[in-house]
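Chain by chain, the residues run as shown.
There are 4 protein chains.
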Amino acid sequence: MLRSRMKKEIDKDALELISSLSHDKNIFYYDIMVDYAHVLNLLKNKIINTNDAKKIIKALLEIEKHGFGDLNGEDVHEAIERKVIEIAGESGKKMHTARSRNDEIATCLRLFARDNILNLMKNIIELRKAIINKAEEYIDTIMPGFTHLQYAQPTKLSHHLIAYHDMLERDFKRCLNAFERINLCPLGCAALASTSFPLDRSYVANLLGFDGVIDNCMDAVSSRDFIFDAVFAATSTMLSLSRIAEEIILWSSEFDFVEVPEEFASVSSIMPQKKNPDTLEIIRGKAGKIIGELTSSLAIYKGLPFAYNRDFQEINDILYESLIWAIKSVKVMKKLFPSLVFKKENLEKKAMKNFSYATEIADELVKKGVPFREAHSIVGKFISNESELKKKLEKFGIILEDLKDAKKIVESRKNLGGTSKEEIIRMIENRKWKIKNDEKILKSTFERINSKIKNLYKEIEEVLCT
Amino acid sequence: MLRSRMKKEIDKDALELISSLSHDKNIFYYDIMVDYAHVLNLLKNKIINTNDAKKIIKALLEIEKHGFGDLNGEDVHEAIERKVIEIAGESGKKMHTARSRNDEIATCLRLFARDNILNLMKNIIELRKAIINKAEEYIDTIMPGFTHLQYAQPTKLSHHLIAYHDMLERDFKRCLNAFERINLCPLGCAALASTSFPLDRSYVANLLGFDGVIDNCMDAVSSRDFIFDAVFAATSTMLSLSRIAEEIILWSSEFDFVEVPEEFASVSSIMPQKKNPDTLEIIRGKAGKIIGELTSSLAIYKGLPFAYNRDFQEINDILYESLIWAIKSVKVMKKLFPSLVFKKENLEKKAMKNFSYATEIADELVKKGVPFREAHSIVGKFISNESELKKKLEKFGIILEDLKDAKKIVESRKNLGGTSKEEIIRMIENRKWKIKNDEKILKSTFERINSKIKNLYKEIEEVLCT
Amino acid sequence: MLRSRMKKEIDKDALELISSLSHDKNIFYYDIMVDYAHVLNLLKNKIINTNDAKKIIKALLEIEKHGFGDLNGEDVHEAIERKVIEIAGESGKKMHTARSRNDEIATCLRLFARDNILNLMKNIIELRKAIINKAEEYIDTIMPGFTHLQYAQPTKLSHHLIAYHDMLERDFKRCLNAFERINLCPLGCAALASTSFPLDRSYVANLLGFDGVIDNCMDAVSSRDFIFDAVFAATSTMLSLSRIAEEIILWSSEFDFVEVPEEFASVSSIMPQKKNPDTLEIIRGKAGKIIGELTSSLAIYKGLPFAYNRDFQEINDILYESLIWAIKSVKVMKKLFPSLVFKKENLEKKAMKNFSYATEIADELVKKGVPFREAHSIVGKFISNESELKKKLEKFGIILEDLKDAKKIVESRKNLGGTSKEEIIRMIENRKWKIKNDEKILKSTFERINSKIKNLYKEIEEVLCT
Amino acid sequence: MLRSRMKKEIDKDALELISSLSHDKNIFYYDIMVDYAHVLNLLKNKIINTNDAKKIIKALLEIEKHGFGDLNGEDVHEAIERKVIEIAGESGKKMHTARSRNDEIATCLRLFARDNILNLMKNIIELRKAIINKAEEYIDTIMPGFTHLQYAQPTKLSHHLIAYHDMLERDFKRCLNAFERINLCPLGCAALASTSFPLDRSYVANLLGFDGVIDNCMDAVSSRDFIFDAVFAATSTMLSLSRIAEEIILWSSEFDFVEVPEEFASVSSIMPQKKNPDTLEIIRGKAGKIIGELTSSLAIYKGLPFAYNRDFQEINDILYESLIWAIKSVKVMKKLFPSLVFKKENLEKKAMKNFSYATEIADELVKKGVPFREAHSIVGKFISNESELKKKLEKFGIILEDLKDAKKIVESRKNLGGTSKEEIIRMIENRKWKIKNDEKILKSTFERINSKIKNLYKEIEEVLCT
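Protein chains in written order, with the numbering used here: chain A, 12 to 477; chain B, 12 to 477; chain C, 12 to 477; chain D, 12 to 477.
For the record, the hints were derived by calculation from the structure and aren't laboratory data.
This structure is a prediction, so every number in the text was calculated from the model and none was measured.
Keep in mind that a hint or two might mislead.
Identical copies look the same in the list; a pair holds intra-copy or inter-copy alike.
[As the list claims (entries may be wrong)] Only pairs whose alpha carbons sit at most 25 Å apart, straight line, appear in this in silico BS3-like list of lysine-lysine:
(1) K354 to K364
(2) K415 to K402
(3) K345 to K133
(4) K18 to K57
(5) K57 to K184
(6) K36 to K23
Generate the whole structure from the sequences, applying the supplied hints.
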């Protein structure tokens, strides 16, 4: 359709290489939405007349209804335009006036990124809730704390779980930061330098639910850094999940702290007794995958001159896949959490394993006047020889057994962010409040966008009814 | 000093492998600052007395004055503590009370990240200014616009340069987003679960210029995602620079649009005539480097269980190197920009090369009633056959020569973000305003932090004077 | 089918997350081939009887004929086994005896990797031929040589193209290195520690066209480094292509050295005159993509304990995608090369641009007794002032114009690997010989494998006929 | 020294950015060696006379003796040349005749890569020996085998350790593959297109211990893929180490299978009882680091046109760092292995944990005529209900207790690569033979190179003595 300048058709293998159709299904509906908005803009600015607009919109509605199905061509934009022309005839040939695929694809990508980053945020909030619920459920459960995967000091499961929440809260904020740079409209910028047809860019931005426009037209079609923001936020989220997954995998293995629910476990094809935490391994694996996807997108982009280069297309699928799988991963984690059963007894039994009370002894010696570094040294020397240690401590009036009380230890940590009951309760209440707050932000964002999109459809209706 | 528990010293090769000393010089002063603040906190909470505090602070002052120089050991924390004990004796042994290297290193890293991300932001602002100045200098210069590195449509150099600015403005915002997650204090969290010694975490956070605390102690020592924020912002900045560098490299090559200033060029050791854009190639290369550094940090972190793991140490140097070189790269680009001389004549001469006015013809046909897709097709068919094209256009009353006026074309693009003079002026004024605004944000941030740090030193003075 | 141990079905979203079915289509035929071979092994070792073997093989033939189509389940192995049981009844339930999905998937992946790395090698050889043909076509064409994208010294197009060949020859060797580590059989290793059923591992390896077995069973099911070999070879190949693509993109832009054939170019949807080198941009973009795919695979694998972990599954699709697209990219490049038309006149005209003869002058001064570093300095000083330079040179009896003969310069470089005609001819002949040699290696490899596979099918026939 | 063409000195900050001096220390001695060889070549071909050669060589000897110390300038090549001129006067100015930094740096990098990849190979062999020794030490020790980190089937420690060896054997081969592409000489190729001075490239290649030349001169200076080979081999090695490290970390934690020797463990600064496997965590961390280093090198290289671009310089340090740290990591692992003490009792006690004998039961049912899939299902259903299971099995004449004998199970796996004593012994003997073979390859390589290097120094002597 576009190749009137050429004498030869594109090579079959080259077409297969450069065609984006296989992953364009991800933006099929967005492309149609962009078409609606653009047509309304053409009409508003009298570049086309109502009759043309009507015919195009009707064709688009038909295509939308029919779905992506049997589209073919170099890409979804061209394929839809061809269909519109098939259906709407001469009027259809006017749809692409004052527009380039360059601003069109940039707009579609931003719509996809926006909706999916919001969806990711929604799921992150739900996972945060599930975690805080679990923390409340096990609010007093004492457990061993680890560093270097070695027994370190006693702590509380609730304290540990709140740390999960806090990682994810930051991921939520990363998504929000990304959203702010994503939800801006490049439509109307044409190939790279705007167009001489009068277009109302703010109008069309509003129709599509954007919070503003990408101002400079060269920037609007040449930049893909909004995708990095999205993929980075998803990557960070996946890394948070990978750490949680790793701990559940370890804890459902030899540590024996938790039972992976059957609905999230798999069986071996040869070993009938196996119950494997496949879901968590896949999440951990997908965290590795997305690291490379972020890498790909950055490596593709490096050193590309302005404006559009076809290399950009290779970044699109990364946007789709990384967000889609991040959402699915968070969703599964969110479903898994409520059914996790922690083994309180094991956790508490092992809270003092491998001399986890050693710091307590050193601190007690400090309170008796021994400089900490010396106290540390003394405890280090005698820790594995209990009778000697006891003797040594008695000289300071310290009874070793008194220090082996995990509950006393964790409750004595009353500083901000510590393990005492008071602090745990404060943190849980605070996180609940933060979750509510983030829900409000998200809700108002959804409502703002939805009301604009509704308006788009209302305006389409109006055109059809004139 | 710490190995009283062990019977054997660490293996020499193992020590070389695990020692962080070679890159700890980057946090030497931060570690001392953290020590000051911690000692003040111990004193405030009566965990040590004034005499001890005085002696430790004096020792620290001496070490600070002496510099990193001949420190040795497993890491800078241990090395400084050892020196403090050498100088301050028994009092020195009290410095590490109620503290772990886990909260100590996390604090040092955040201080480094904070100061350097702010420094990066400062340099980005200056580069943005230099770019906007250049845009003003060449406000009316017409140039060819490219897509796929092929001549596309005429545009303006100022319009193109504003797009550079806008990329970098977003990078500034990424830094700001990172800063907000970085400038929170983990000090006081001890190993992973707080301490039973009473510590005022807000007090110490304030002394160190932080805007708040990392609340949950497990999270505070187990998380390094703030480093990803910093490295990601630096990576995004470097990618923006890489694209600018690529264009200057191309434009100072066959395109012949710009002259790379001699101060930023190198010569060949064999070919005496060469003037090579090495500075820009290195910047482009460093963009490739930092992609891998971000990758490294993510790959190291993936799937690590809580709390501290020594793997974290491998991320530290990535933080240092990526920020240091991003700052240097932006600084050099900022110095290079003012002396860039664009070759107006070449730019304007080539603005219409390779039928860059073709879109204009198609648009003109549209204005005469031809549907765009048809107009596109007609122009495509005849564009390389001027006499035929002229005939074709005459039928529509269009004079081809009238459409070949680049100036007319660029001025006709009056939509938001377009190339018309009015729009360029609006965008330049708007960017100046944004730069000023960002300068204000940065200035108030520096002032806020500096006044807190001043207070830290004032409190140290007061201890010494008691 | 496998979950008799469980009381609950797997969660729907978890299943979607962990199912590999969507990309298992890549190994569908390999899995069936593995089933054939395993059944023959079971029969040979009398673990099943002829009747069972017959029934299973018949079922497999039916499934093979029917294709991947409507398979469903957690993965292709389970799905095929279920179908076999549906068709072959009780006999079908015996197929998975003495086998695990762990050795099964490892075998399928190696078969895929083997066939596709060989296919890649075949295409690389063809591209090398196309390049050497082009070098012969332009054997005497003089062109400018560049460093730092600046004019450096005159060279020959044929010399430049031979360098393309040599990169790709090394990529071929990388593939060969990978192949040697890939084409070894893990089948028979069961879950991780072999099986007590007697199996002839060499027999089954032979049936599947392997060159040997992976000896240690734990290693056989726990290792995926053969995938890194394959993906690394593909990555290296793509990087070679990216450099060739970059040069063609540059050369078909302002440099104007070559015309991209229309069959490999695209048109703009808005700018009717555009002829864009999209195919080459996509290849360059896919080089960026595969860098991240390699990264993903390494990041997933890092630190995984033995034996099988489900994370491995995330690496499978990387193997498929990276090889498939590398093959397609090489294939398109191979088709593009013969139709590339270089613009001899432009190449020769620009061979001496920007004082590319400067080294020649310095060398001539050396021959007159001036130390090179001094000669370099003299030429550097006067190069842009021709009249002064001439005077300076006359003192040494050098006529500047004599040195400006590009042909003389390139022919004077007679050292090994230089640009003289003799050397070019030698290199072309040598490369042709190398290509032939590599073709022989590849041919004998294909024949060896094919004859083994033929034998597999012959043995199947024999079972069916008993 | 080189900037006679320029009127301005290079900007101070730009120089800092582009200078490679800080990491050039890694190739200081190689650069001097290259200078020696080049001077001998100039002399042999009468481009300089004996007197000049003598003076230059003397200057080089002096510089070599003095060491890298106080060199300054843009890079080591220029710095050394400047020193040579300082010492040798006019003669010194002749050293760089018929040479460019382009062929010089390529040669230095290949020398570094060659020596370090061989060093890595030497250490890998020693680690393989240490592992096989350990396997012999624990030849009969039964242990649990895991999949998905869940108890799977009993196996033997020796069998498991041989799998470690086999991974590393492949890494050795990767190094060897890399070596073959590395040890070829680019010297004499000058800037990109050879030189008209007659040079004997084979002679100089021999002097430097290379096994041949990189033939085409453009390829010789434009290619860095030999670095990818080296870094990839190092990365693969580090990934193998990361998996071993991960297992030792796990096994010295809750699994309690092994004791990390004190010489390779660290202590906490706060928790006196801690013995942390820091060495292994650092190795695991460095595996993450090197993934990104490989990524960086690939991302820098992608799409760079011929010939030299300064971006290449950013790859150099990656070569140095990745090989240096891979060598150190393997060395430490090699030292750690002999002192690892496995806890036989724990290993054997847990070999049958969590129904690890379940496969055995299913297999036994198969031997009684139950199709495997049914047997699997039966065992799955009853495995956690022992009394029911026993009853079920009795119907088939199977005594459950007979199947719970781990020793019997592992000895029954007599197939190739299985866990039976016979197979273990065969594999150990085979690995010893392979190690010896690889040692021979390495030894003859070292000898070949050393004898060539000796000859270089002999020829230098001869020049000095004329």
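Going down the list of hints, with the structure as the test:
no., hint, verdict
1, K354 to K364, "both (16 Å within a copy, 19 Å between copies)"
2, K415 to K402, "within (16 Å within a copy, 47 Å between copies)"
3, K345 to K133, "within (11 Å within a copy, 41 Å between copies)"
4, K18 to K57, "neither (35 Å within a copy, 59 Å between copies)"
5, K57 to K184, "neither (42 Å within a copy, 38 Å between copies)"
6, K36 to K23, "both (21 Å within a copy, 23 Å between copies)"
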